[in-house]
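With the hints as constraints, model all of the structure from the sequences given.
Chains as they are written, first to last, in our numbering: chain L, 1 to 127; chain D, 1 to 127.
Derived from the structure by calculation, the hints contain no laboratory data. We put the CB at the ideal spot given by N, CA and C, even for glycine. Among the hints, erroneous ones may be present.
To be verified - Once the Cα atoms are required to be at most 20 Å apart in a straight line, the calculated DMTMM-like pairs of lysine to aspartate or glutamate come out as:
1. D:K38 with D:D78
2. L:K106 with D:D78
3. L:K99 with D:E97
4. D:K15 with D:D27
5. L:K46 with L:D23
6. L:K46 with D:D78
7. L:K38 with D:E75
8. L:K46 with D:E75
9. D:K46 with D:D23
10. D:K46 with D:D27
11. L:K106 with D:D31
12. L:K106 with L:D65
13. D:K106 with D:D27
14. D:K38 with D:D14
15. D:K46 with L:D78
16. D:K106 with L:E97
17. L:K15 with L:E75
18. L:K15 with L:E97
19. L:K38 with L:E54
20. D:K38 with D:D65
21. D:K106 with L:D78
22. D:K15 with D:D65
23. D:K99 with L:E97
24. L:K106 with D:E75
25. D:K15 with D:E54
26. L:K106 with D:D32
27. D:K46 with L:E75
28. D:K38 with L:E75
29. D:K38 with D:E54
30. D:K106 with L:E75
31. L:K106 with L:D31
32. D:K106 with L:D32
As the list claims (entries may be wrong) - Covered by chain L, according to a simulated footprint, are these stretches of chain D (three or more residues, beta-carbon under 8 Å):
33. 30-41
34. 67-78
35. 97-108
36. 116-126
Stated by the list, open to error - Stretch by stretch, here's where chain D covers chain L in the computed footprint (C-beta under 8 Å, at least three residues):
37. 27-40
38. 98-105
Number of protein chains: 2
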Amino acid sequence: MGEHPIALLIARADKAINEENFDAVVDLYTDDAVLVVKPGTNAVGKHEIRRAMEAIAVHFNGTLDVRQAGMTILETGDTALVLAKTLVSANASPAVERKATYVFRKALDGQWLCAIDNSYGHGVLNA
Amino acid sequence: MGEHPIALLIARADKAINEENFDAVVDLYTDDAVLVVKPGTNAVGKHEIRRAMEAIAVHFNGTLDVRQAGMTILETGDTALVLAKTLVSANASPAVERKATYVFRKALDGQWLCAIDNSYGHGVLNA
Chain L
1 MGEHPIALLI
11 ARADKAINEE
21 NFDAVVDLYT
31 DDAVLVVKPG
41 TNAVGKHEIR
51 RAMEAIAVHF
61 NGTLDVRQAG
71 MTILETGDTA
81 LVLAKTLVSA
91 NASPAVERKA
101 TYVFRKALDG
111 QWLCAIDNSY
121 GHGVLNA
Chain D
1 MGEHPIALLI
11 ARADKAINEE
21 NFDAVVDLYT
31 DDAVLVVKPG
41 TNAVGKHEIR
51 RAMEAIAVHF
61 NGTLDVRQAG
71 MTILETGDTA
81 LVLAKTLVSA
91 NASPAVERKA
101 TYVFRKALDG
111 QWLCAIDNSY
121 GHGVLNA
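Right, dumping it as structure tokens:
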């Protein structure tokens, strides 16, 4: 079987975020992707997503650690929904588990890319 | 402003489900849509989705009532993720609130359709 290509992509994204390799991070998003920076505040497109990631890295003084603790992928055609438990930790911040939701789209070349990145799950309601 | 077209579609879907108007329900899904019937069991395509809806209606003896108690829509291009609080009740069953996740896709004619219907949210993990 092996891992789903989207699970491998998410592992790559986590590694790139933790290493602050933002070129590699934004490569994994569609051109018009939406990232929920915090509930009520979204970054749209690679430029804004990169700026948001850089600001988050500075905020956590380079100690941010993101990893997944389980996920289910619901896929149909060129669209997939990922339900994940995402562990976010950093020095001076307690580790938190988020119920993350990610939507991936498959490009014409077969490559999956993240179109909607909402690590807050239902935390976005009433933001 | 007015309501988002996807919010109106979900309201139509809830009404059609509650009235057991399954022709109207399946019209709101893409041809290859995935419905999580229960964690670990999916219906794929309009035919399976219709059969699952009919079975659920029989199970609840025609008393199923589905409604939304709040939602946030994250949209980019022809893809949207809905985070919703969905209230499900029926005679002889206690009302439950589900943290539902729906993915909609916009067809070439501009019509949004549901591609992934997971009313269980993170309940699908480890199913």
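Mind listing which of the numbered hints don't hold for this structure, in increasing order?
Numbers 1, 12, 16, 17 - these are the hints that the structure violates, sorted from lowest upward.
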